[in-house]
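Next come the chains, spelled out residue by residue.
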Amino acid sequence: MNRFAQSAFVVSLVAALPVALLAEQPHGSALPSRPAPAARPEPAARPAPAGAGGGFNFNRDLGGRGGTQRGAQPPTAGSTTVRLPYQRRYTGPVVRNGRAPGGPWGWNHGVAWAPAPVYWGGGFWGPWALAGLPTAVYFGAIPDGQIVYPSYQAEPDSPGAQLLQDYGLQQTPCGPPDLVVIWGPDNSVICAVPNSTVGPGNYTVDPETFSLVSAPPP
Amino acid sequence: MTAVRALLAALAASFALLPVAARADGVMRVQQSDGAVQVYHDLKIRLAGHTVWIHSGDRKGVLEVASGACSFVRELQRCLPYATTLHQHGATRTIVLQQGTVYLNLTGDLQRLPHSSQQLLPHALLLFLHTMHGTYVSVKGTLDEVSS
Numbered sequence: 038m039n040r041f042a043q044s045a046f047v048v049s050l051v052a053a054l055p056v057a058l059l060a061e062q063p064h065g066s067a068l069p070s071r072p073a074p075a076a077r078p079e080p081a082a083r084p085a086p087a088g089a090g091g092g093f094n095f096n097r098d099l100g101g102r103g104g105t106q107r108g109a110q111p112p113t114a115g116s117t118t119v120r121l122p123y124q125r126r127y128t129g130p131v132v133r134n135g136r137a138p139g140g141p142w143g144w145n146h147g148v149a150w151a152p153a154p155v156y157w158g159g160g161f162w163g164p165w166a167l168a169g170l171p172t173a174v175y176f177g178a179i180p181d182g183q184i185v186y187p188s189y190q191a192e193p194d195s196p197g198a199q200l201l202q203d204y205g206l207q208q209t210p211c212g213p214p215d216l217v218v219i220w221g222p223d224n225s226v227i228c229a230v231p232n233s234t235v236g237p238g239n240y241t242v243d244p245e246t247f248s249l250v251s252a253p254p255p
Numbered sequence: 023m024t025a026v027r028a029l030l031a032a033l034a035a036s037f038a039l040l041p042v043a044a045r046a047d048g049v050m051r052v053q054q055s056d057g058a059v060q061v062y063h064d065l066k067i068r069l070a071g072h073t074v075w076i077h078s079g080d081r082k083g084v085l086e087v088a089s090g091a092c093s094f095v096r097e098l099q100r101c102l103p104y105a106t107t108l109h110q111h112g113a114t115r116t117i118v119l120q121q122g123t124v125y126l127n128l129t130g131d132l133q134r135l136p137h138s139s140q141q142l143l144p145h146a147l148l149l150f151l152h153t154m155h156g157t158y159v160s161v162k163g164t165l166d167e168v169s170s
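Residue numbers (the numbering used here), protein chains in the order written: chain A, 38 to 255; chain B, 23 to 170.
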């Protein structure tokens, strides 16, 4: 290889490498994406992997029997193990959501929304893990025969909070009469103060159109 | 002519290096309930549907994280993990989750994390898990593969 070719090869190599290294720097800093080890060593950090034979060390989580993940089956349509996340499906009049973008799942950038099993309401009202519900804000309950369904405050960035906002509804603790009662995935329920768009009564959510469907008249 | 050919070959070599340099840059931090911390580098991160596959740097372990309830905060996708499985040493074991969050930036632009000054790189992932045994896991890195 002549000198020109050698120079071109070296220049191209040098030019190629920083592109990847700079990728994570929002302000264009030339620091590598991986933190420098001398900057701030993490307390008690150990070299990895510590597991025998390589891979990851999750020994504390794998101790004893493997355990079973509650509701770990993905809610795949067409599967025989499909759960019924929307136990209540009303067929009354639809209160159309005029603020949701059109098209299937338009409110969710066209991505189908499916509940995540280990969260209250499948995660529709926020990332409230069933195992950690005491940390969620309790917002009353709805008794239905022998069963009492607790309600929790919707998280501001959740789809459920967006639904309330689209209808101009203000969430309120369940319990008093004449509220808007919205049944979400996995028998979750929240209540709201009625307004000029949505009157008091029971509703379910049509997840695809992001609209409320009222209970049929008695 | 030879010089031009050599230049083209050099350019081709440099482009071939680009994906190698950009791939498998994931970092996982595992903090056990006793405070011990382990950090894993050079992870390969694969997204298939709403399931994330995280391959260890030595390719001997794979952590599978299944998520649901995927919604958007502006252009940033946020999912909730509900099942975690470790595939390692020929065995498949469940890691019981309490809760977690997966942020996905599938766009070509930086995206700001909700209520945060931090941003997530284009085509990158940020994942947090809290297991039932009190282990905290965080993963950050570029998505090496994305499939539906």
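Hints are supplied without guarantee of correctness; some may be wrong.
Straight-line C-alpha distance at most 25 Å; calculated SDA-like pairs for lysine to any residue [what the hints assert, rightly or not]:
| hint | chain 1 | residue 1 | chain 2 | residue 2 |
| --- | --- | --- | --- | --- |
| 1 | B | Lys66 | A | Gly90 |
| 2 | B | Lys66 | A | Ile184 |
| 3 | B | Lys66 | B | His137 |
| 4 | B | Lys82 | A | Asn96 |
| 5 | B | Lys66 | A | Asp243 |
| 6 | B | Lys82 | B | Arg134 |
| 7 | B | Lys82 | B | Val168 |
| 8 | B | Lys66 | A | Tyr186 |
| 9 | B | Lys66 | B | Glu86 |
| 10 | B | Lys66 | A | Leu167 |
| 11 | B | Lys82 | B | Ser139 |
| 12 | B | Lys82 | B | Leu98 |
| 13 | B | Lys66 | B | Leu98 |
| 14 | B | Lys66 | B | Asp80 |
| 15 | B | Lys82 | A | Gly135 |
| 16 | B | Lys66 | B | Leu128 |
| 17 | B | Lys66 | B | Gly112 |
| 18 | B | Lys82 | A | Gly91 |
| 19 | B | Lys82 | B | Thr116 |
| 20 | B | Lys82 | A | Leu99 |
| 21 | B | Lys82 | B | Gln133 |
| 22 | B | Lys66 | B | Lys82 |
| 23 | B | Lys82 | B | Thr107 |
| 24 | B | Lys66 | B | His152 |
| 25 | B | Lys82 | A | Arg97 |
Every beta carbon over 12 Å from chain B, so not counted as near; a handful from chain A, in silico [claimed, not checked]:
| hint | residue |
| --- | --- |
| 26 | Asn94 |
| 27 | His146 |
| 28 | Thr172 |
| 29 | Ala178 |
| 30 | Pro231 |
Hints in this document: simulated from the structure, not taken from any laboratory.
Quick caveat, the model's predicted, so the values are computed rather than measured.
Even glycine gets a Cβ: it sits at the ideal position worked out from N, Cα and C.
Each hint tested on the structure:
1. B:Lys66 / A:Gly90: holds (19 Å)
2. B:Lys66 / A:Ile184: violated (46 Å)
3. B:Lys66 / B:His137: violated (28 Å)
4. B:Lys82 / A:Asn96: The hint holds at about 15 Å.
5. B:Lys66 / A:Asp243: violated (38 Å)
6. B:Lys82 / B:Arg134: violated (33 Å)
7. B:Lys82 / B:Val168: holds (21 Å)
8. B:Lys66 / A:Tyr186: violated (43 Å)
9. B:Lys66 / B:Glu86: It holds: about 12 Å lies between the C-alpha atoms, which stays within 25 Å.
10. B:Lys66 / A:Leu167: violated (31 Å)
11. B:Lys82 / B:Ser139: Outside the cut-off at roughly 35 Å; violated.
12. B:Lys82 / B:Leu98: violated (31 Å)
13. B:Lys66 / B:Leu98: OK: lysine 66 of chain B and leucine 98 of chain B at ~21 Å, within 25 Å.
14. B:Lys66 / B:Asp80: With a Cα-Cα distance of about 10 Å, the restraint between lysine 66 of chain B and aspartate 80 of chain B holds, given a limit of 25 Å.
15. B:Lys82 / A:Gly135: Distance ~51 Å between lysine 82 of chain B and glycine 135 of chain A Cα, so the pair is violated.
16. B:Lys66 / B:Leu128: Answer holds: lysine 66 of chain B to leucine 128 of chain B is near 16 Å, not above 25 Å.
17. B:Lys66 / B:Gly112: holds (19 Å)
18. B:Lys82 / A:Gly91: OK: lysine 82 of chain B and glycine 91 of chain A at ~6 Å, within 25 Å.
19. B:Lys82 / B:Thr116: Distance ~17 Å between lysine 82 of chain B and threonine 116 of chain B Cα, so the pair holds.
20. B:Lys82 / A:Leu99: Status holds; Cα separation ~17 Å.
21. B:Lys82 / B:Gln133: Between lysine 82 of chain B and glutamine 133 of chain B the Cα gap is close to 32 Å, so the pair fails against 25 Å, i.e. violated.
22. B:Lys66 / B:Lys82: Distance ~12 Å between lysine 66 of chain B and lysine 82 of chain B Cα, so the pair holds.
23. B:Lys82 / B:Thr107: holds (14 Å)
24. B:Lys66 / B:His152: Given that 25 Å is the threshold and the Cα spacing comes to 21 Å, the pair holds.
25. B:Lys82 / A:Arg97: holds (19 Å)
26. Asn94: violated (6 Å)
27. His146: Violated: least Cβ distance 5 Å, not greater than 12 Å.
28. Thr172: Threonine 172 of chain A is in fact no farther than 12 Å from some Cβ atom of chain B, at 10 Å.
29. Ala178: About 22 Å separates alanine 178 of chain A from the closest Cβ of chain B, which puts it past 12 Å; holds.
30. Pro231: Given that every Cβ of chain B is farther than 12 Å from that of proline 231 of chain A, nearest at about 26 Å, it holds.
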